[in-house]
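*Asks:* What follows is each chain in one-letter form.
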Amino acid sequence: MTAGGALLGVRLGVRGSNRAEWWRRFTWAADLALDNSPVKRVVGLKLLTKLAQSDLAQRDECLLLDVFQERVLDELSHDTKPPGG
Amino acid sequence: MDNPSLRVTEEQIAAAQLRLALDEKLGRPTPEWVRRIAATTGVESRELQHPSPDPEANPVAARMSRSEDLTQSMDEAREEMAAQTRPALPARPQVAPPPLNALSPIQNPLTAVMTAKSPEDYAALQRLVKHFQSLPPDQNPVAIALNKLGNMHFAWFAFLGTNQLGMITTYDGEFEAYINNFIDNIGDVFNALLTHIVSAPPLPVQTYRQEFIAYIRTIDCRCVGTLYSAYPDLTVGDIIDMASAVPESKLPQQNRPTRKPW
Numbered sequence: 001m002t003a004g005g006a007l008l009g010v011r012l013g014v015r016g017s018n019r020a021e022w023w024r025r026f027t028w029a030a031d032l033a034l035d036n037s038p039v040k041r042v043v044g045l046k047l048l049t050k051l052a053q054s055d056l057a058q059r060d061e062c063l064l065l066d067v068f069q070e071r072v073l074d075e076l077s078h079d080t081k082p083p084g085g
Numbered sequence: 086m087d088n089p090s091l092r093v094t095e096e097q098i099a100a101a102q103l104r105l106a107l108d109e110k111l112g113r114p115t116p117e118w119v120r121r122i123a124a125t126t127g128v129e130s131r132e133l134q135h136p137s138p139d140p141e142a143n144p145v146a147a148r149m150s151r152s153e154d155l156t157q158s159m160d161e162a163r164e165e166m167a168a169q170t171r172p173a174l175p176a177r178p179q180v181a182p183p184p185l186n187a188l189s190p191i192q193n194p195l196t197a198v199m200t201a202k203s204p205e206d207y208a209a210l211q212r213l214v215k216h217f218q219s220l221p222p223d224q225n226p227v228a229i230a231l232n233k234l235g236n237m238h239f240a241w242f243a244f245l246g247t248n249q250l251g252m253i254t255t256y257d258g259e260f261e262a263y264i265n266n267f268i269d270n271i272g273d274v275f276n277a278l279l280t281h282i283v284s285a286p287p288l289p290v291q292t293y294r295q296e297f298i299a300y301i302r303t304i305d306c307r308c309v310g311t312l313y314s315a316y317p318d319l320t321v322g323d324i325i326d327m328a329s330a331v332p333e334s335k336l337p338q339q340n341r342p343t344r345k346p347w
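Going line by line, the protein sequences match chains A and B.
The numbering used here numbers the first residue of the first sequence as 1 and each following residue consecutively.
The numbering used here numbers the first residue of the second sequence as 86 and each following residue consecutively.
Treat the hints as calculated values from the structure; they're not laboratory data.
Wrong hints could be hidden among the right ones.
In the DSSO-like style, the derived pairs of lysine-lysine whose C-alpha atoms are separated by at most 30 angstroms in a straight line are [claimed, not checked]: (1) 110/B with 50/A; (2) 46/A with 202/B; (3) 233/B with 215/B; (4) 110/B with 46/A; (5) 215/B with 202/B; (6) 50/A with 202/B.
Construct the entire structure; sequences and hints are all you get.
*Replies:* So, in structure tokens, the structure goes:
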């Protein structure tokens, strides 16, 4: 029981550490995605896509990432979707 | 015109790919127009067929179809970054174009310009680089690693202006493989340098490889036009092999190789 609890603690610790890394990468990618330079914004969005594909990105994280694509695609959406689409 | 084209930028494509990844994760349907943008590939063609046939009835689409294409916008972005990071250089004399066989050489240039966080960080960078450079070649970790890599023609650091450090190299092969080799062999040198740099990627670089590769891409000022090379088809290995085939005593004094730390 004690060993099981310790193992669970280790696993939770590793997951917590991975989530902290995910968040660190997210903040760096988000800064790039909002930069004035178009080249940096592209790199930022690509990094955010990689982060979205990670197992660590749950629903809340995905909703957070959604803001970045909406910012770019919102303007296009009015123009490219077919009438009524 | 039945199918006026809509130009999309690299940023819009990347955003559509992000949307696609998120929709898969969240179980949402992805609109067809987003799929089409996300599937756009290739640097040369960035035009999508626009569903609305009348640009006048769709002013935003008309404005976008007049917008810069990807290549142009990327070039402008690079120029903008170069203007932010490069010191003013004196005008250079006009030179003749390179011979045909010097176009698209096997070698590639890297001109990575990093900006120090503060005057104190700039001083720390100078101390670090001078420390490495003052070591004898057999103790200099950078020289040892570069000799081991075997794909580096030239490499040097240069301090630019009052707050920038340039890392300038000429190497053989693909960019990503080259940077991965850097990470494997002198990752700790970059960890030490990047703590003093503005907008540095997360560290250590050995853990955050993709971020480091992306970072180096953003600070590379790129080569204007094509890299000139006097020997466009030769790799470092070819040159070392040829040099070792010629006895040193047969070489003119000024051409004898000397090993110095970079």
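*Asks:* Give a verdict on every hint.
*Replies:* Structure-based check of each hint:
Pair hint residue 110/B plus residue 50/A holds up; C-alpha atoms about 12 angstroms apart against a cutoff of 30 angstroms. Taking the CA atoms of residue 46/A and residue 202/B, the gap is about 26 angstroms. The hint holds against a cut of 30 angstroms. Distance hint between residue 233/B and residue 215/B is fulfilled; the C-alpha atoms sit about 22 angstroms from each other, no more than 30 angstroms. Taking the CA atoms of residue 110/B and residue 46/A, the gap is about 16 angstroms. The hint holds against a cut of 30 angstroms.
Between residue 215/B and residue 202/B the CA atoms are separated by roughly 19 angstroms; this keeps the pair inside 30 angstroms, and the hint holds. For a cut-off of 30 angstroms, the pair hint linking residue 50/A to residue 202/B stands: about 28 angstroms separates their Cα positions.
In terms of the numbered hints stated before, the structure departs from none.
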